[in-house]
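S.K.: Protein chains in written order, with the working numbering: chain A, 1 to 429; chain B, 1 to 417.
Hints in this document: simulated from the structure, not taken from any laboratory. Where is the CB? At the ideal position from N, CA and C, for every residue including glycine. Take these hints with a grain of salt, some might be off.
Calculated Cβ distances over 12 Å to all of chain A for the following chain B residues [claimed, not checked]:
{"id": "1", "residue": "Pro28"}
{"id": "2", "residue": "Val129"}
{"id": "3", "residue": "Ile168"}
{"id": "4", "residue": "Pro174"}
{"id": "5", "residue": "Gln186"}
{"id": "6", "residue": "Glu205"}
{"id": "7", "residue": "Pro232"}
{"id": "8", "residue": "Glu305"}
{"id": "9", "residue": "Asp329"}
{"id": "10", "residue": "Ala335"}
{"id": "11", "residue": "Leu351"}
{"id": "12", "residue": "Thr387"}
{"id": "13", "residue": "Asp394"}
Straight-line C-alpha distance at most 20 Å; calculated EDC-like pairs for lysine to aspartate or glutamate [what the hints assert, rightly or not]:
{"id": "14", "chain 1": "A", "residue 1": "Lys130", "chain 2": "B", "residue 2": "Asp99"}
{"id": "15", "chain 1": "A", "residue 1": "Lys359", "chain 2": "B", "residue 2": "Asp99"}
{"id": "16", "chain 1": "A", "residue 1": "Lys289", "chain 2": "B", "residue 2": "Glu23"}
{"id": "17", "chain 1": "B", "residue 1": "Lys208", "chain 2": "B", "residue 2": "Glu23"}
Spelled out from the first residue to the last, the chains are:
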Amino acid sequence: MTASLLQAPRLHRTVLANGLTVLVLENPVADIVSARLFIRAGSTFEAPHQAGLVSFLMGLLTKGTDTLSSMAIAETVESVGASLGTDAAADYSVISLKTVSADFAEIFALAATVLRQPSFPLDEIDLERKLTLQQIRSMQEQPFTVAFNQLRQDMYGEHPYALPGIGTEATVGAITQQDLVEFHRQHMRPDNVVVTIVGRIAPEAALAQVEKSLGGWKAPATPRPTLALPPVTAAPTCSVVTQETNQAIVMVGYPAASVKHPAYPALKLLNTYLGNGLSSRLFVELREKRGLAYDVSAFYPTRLGLSQFVAYIGTAPENAATALEGLRFEVERLQTTVLSDEELQSAKNKLLGQYALGKQTNAQIAQLLGWYEILGLGVEYDQQFQDMVTAVTVLDAEAVAQEFFHNPYISLLGPEEFVAPVAAAQAWA
Amino acid sequence: MNSVDFPASVIRLENGLTLIHQEIAATPVVVADVWVRAGAIAEPAEWAGMAHFLEHMIFKGTDQLPPGVFDYAIETQGGMTNAATSHDYAHFYITIAADMLPQTLPYLADLLLHAAIPADEFGRERQVVLEEIRQAQDDPDWLGYQAMSELVYEDHPYGRPVLGTAEILQQRSPEEMRCFHQAHYQPDQMTVVITGGIGLEPTVELVKHAFRGFAPPPPCPPAASARVPSFPGVRREILHLPRLEQSRLTMAWLGPGIGQLETAYGLDLLAAILAEGRSSRLVRELREDRQLVQDIGAGFSLQRECSLFTIQAWLEGDDVDRVEAIVCDRLSELAAKPISEAELTRAQRLLCNDYAFSTEAPGQLAGLYGYYGTIAAADRCLSYVPTLQSYTGDRLRSLADQYLTPLRYVSTILHPA
Chain A
1 MTASLLQAPR LHRTVLANGL TVLVLENPVA DIVSARLFIR AGSTFEAPHQ AGLVSFLMGL
61 LTKGTDTLSS MAIAETVESV GASLGTDAAA DYSVISLKTV SADFAEIFAL AATVLRQPSF
121 PLDEIDLERK LTLQQIRSMQ EQPFTVAFNQ LRQDMYGEHP YALPGIGTEA TVGAITQQDL
181 VEFHRQHMRP DNVVVTIVGR IAPEAALAQV EKSLGGWKAP ATPRPTLALP PVTAAPTCSV
241 VTQETNQAIV MVGYPAASVK HPAYPALKLL NTYLGNGLSS RLFVELREKR GLAYDVSAFY
301 PTRLGLSQFV AYIGTAPENA ATALEGLRFE VERLQTTVLS DEELQSAKNK LLGQYALGKQ
361 TNAQIAQLLG WYEILGLGVE YDQQFQDMVT AVTVLDAEAV AQEFFHNPYI SLLGPEEFVA
421 PVAAAQAWA
Chain B
1 MNSVDFPASV IRLENGLTLI HQEIAATPVV VADVWVRAGA IAEPAEWAGM AHFLEHMIFK
61 GTDQLPPGVF DYAIETQGGM TNAATSHDYA HFYITIAADM LPQTLPYLAD LLLHAAIPAD
121 EFGRERQVVL EEIRQAQDDP DWLGYQAMSE LVYEDHPYGR PVLGTAEILQ QRSPEEMRCF
181 HQAHYQPDQM TVVITGGIGL EPTVELVKHA FRGFAPPPPC PPAASARVPS FPGVRREILH
241 LPRLEQSRLT MAWLGPGIGQ LETAYGLDLL AAILAEGRSS RLVRELREDR QLVQDIGAGF
301 SLQRECSLFT IQAWLEGDDV DRVEAIVCDR LSELAAKPIS EAELTRAQRL LCNDYAFSTE
361 APGQLAGLYG YYGTIAAADR CLSYVPTLQS YTGDRLRSLA DQYLTPLRYV STILHPA
């Protein structure tokens, strides 16, 4: 709850001589410091035959440097009870750490080292590949994941958003040490990095720490890599996975606005209205009034590229057709039904209230600030987003629904005798 | 009643209700988290699933408050609300802007004290719970956990699924649920935790005013008798599940109940030594070096009557027997050989920091106090860090010898069908 926390002069933003951006926010309440090192390179930078490369690379950062073995890194972190992790997302990747204040300098220096000097040892590559391939296979155990992967593939085709960040068995099987070294050389450079530090630490001390560990890192003379994404052509489909599950999964997805599109705040509001919480429209209509589901919701991820607006439900297989009709009805009715002022205001209160609740811990604040910076929105976006949401009118919401909620991509999963007829009916529709 | 260092106030109201409060300066948020000693363990066996189903029905309103009004009121003020049920408790929480608490807490109290449990809503919500069960049955890890629980707990209610079964739920009536509700949602079974940006005095007034007028408890069928099992030897069960891509091995030992908190915390340390992080014993040997498992973890779960210590591995089916034998061997070693100072310190720092990291936000703090307040006493959580720090390698070794014996445990194995 930091509307005031995030404002100057408490938030310190500095750009080092080598182009690296540093954001520091002192928050002395708890004896904890959280930091993030964001890199402007997500899975969108992967060539199609290298899907999963960034996720693989990020996993290997903590598995060896020029001077430290994988186990030495783990021991350094675990012996002081800190955490050091990595993650790869579609639009960025990130190293996260959390320590008590006294241990921050040591663990931050280690994080800087794994970012700058990973050695990608061959035996660690082999182990990581083995673990990753099994993880890819294990995704098949979760019906929701299987249905969602199918929807994403159908919607995005050749676009990198089509695949889960972890890649496929074929692409991960082919990744080489040379691929890792090359990707690291191209993308891991100071002018592509944003560091955020939040917690019980003086801004000067935090900045000195970053200077010491990352200030001497030279940016290459070559320009930063730029992104060229293939276009996505909308051609809605209905796909089916047949499995003898106890529940059917029904999912509809509409191609939706990127974070930089003017429709973004209105779509976030519609997502809140339809799918967020116990008083959301889908929850009330399909669960509370009709008892069709335990889990029914909607999500609309924040993406630099074309996003998607997804509504889904898990339901008894015999209810699959009813559930599909119900999901589509609730989303698409917004094209012709204008929300009341009260409905829109409620959605705004809910969205902005929960947005504020998402800034309670140092880690949450470090994530949000760095994320806005790395996406190119800037830390001011924290306030701009709230202002834009406040300004949305009921007519804006209707216009956005009309622009985006046409024919959805449909993904069905469940026992054949129940889901196959639903899909067949779609083909005739 | 307050211990010297405990940062929260614990107040017993006249009607027997326990209030725990901690003001957190500079936060505009308040969390209200109400814990009721009415989890699955309070159910007669033939009512299995009642406590969890009731948790759903609490949100269906009272004579004053139609279904959905509460959710709407909280969420349209930018707040959040939800609930959860386990064997030892059910709890209900709201997170909301501090100045909205006086308007919303009375709603939550009304739901908890005077749930109407209307018959038509009962029938509809049962469908929702049946969907929840169907979803759980599509999750192999849930199925594996239930199989292990039944094997380790035998007839003890901890062995029953909190969700109950479709068959039992179909036979339950709104009258039975009202009886269960009124019998258990009584002030002496309830702890109200308020943390965040509100002072003690207004909190006490607010809670006193909202949590009054409890209905007198009706007679209600007693809870299933709860004999803590003591099985001899090793028990193994193998299940074959569809759509499984990888085998699982879960080994489980019974631990002490809340009466032996020091021992319980020691078992937490042993779990960290064995399998928390890449430099822990089992992860290092079985995943990093010998590469026999995809992952391995150890967990200690503190429960009121008896706790559970588990070691779980994800691995190829062919390696299950070998890994189980290695784990048994390493446990014997743990009980026989001294634990190094470095290993002990590492585990202590990991857990002490985890504790600090998990008490950062008001909601985390409220959850911690409510949980301890429900299964023991709220200020008992305060002994966690000093107890961990007082452990010696020798004392841990004898704990391992006593509790984690390879001669007496349960193992549940999942293979692809």
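S.K.: Work down the list of hints and note, for each, if the structure agrees.
M.R.: Each hint, compared with the structure:
{"no.": "1", "hint": "Pro28", "in the structure": "violated (5 Å)"}
{"no.": "2", "hint": "Val129", "in the structure": "violated (7 Å)"}
{"no.": "3", "hint": "Ile168", "in the structure": "holds (17 Å)"}
{"no.": "4", "hint": "Pro174", "in the structure": "holds (15 Å)"}
{"no.": "5", "hint": "Gln186", "in the structure": "holds (26 Å)"}
{"no.": "6", "hint": "Glu205", "in the structure": "holds (24 Å)"}
{"no.": "7", "hint": "Pro232", "in the structure": "holds (35 Å)"}
{"no.": "8", "hint": "Glu305", "in the structure": "holds (29 Å)"}
{"no.": "9", "hint": "Asp329", "in the structure": "holds (22 Å)"}
{"no.": "10", "hint": "Ala335", "in the structure": "holds (23 Å)"}
{"no.": "11", "hint": "Leu351", "in the structure": "violated (7 Å)"}
{"no.": "12", "hint": "Thr387", "in the structure": "holds (16 Å)"}
{"no.": "13", "hint": "Asp394", "in the structure": "holds (21 Å)"}
{"no.": "14", "hint": "A:Lys130 to B:Asp99", "in the structure": "violated (53 Å)"}
{"no.": "15", "hint": "A:Lys359 to B:Asp99", "in the structure": "holds (18 Å)"}
{"no.": "16", "hint": "A:Lys289 to B:Glu23", "in the structure": "violated (39 Å)"}
{"no.": "17", "hint": "B:Lys208 to B:Glu23", "in the structure": "holds (18 Å)"}
Checked against the numbered hints listed earlier, the structure breaks hints 1, 2, 11, 14 and 16; every other hint is satisfied.
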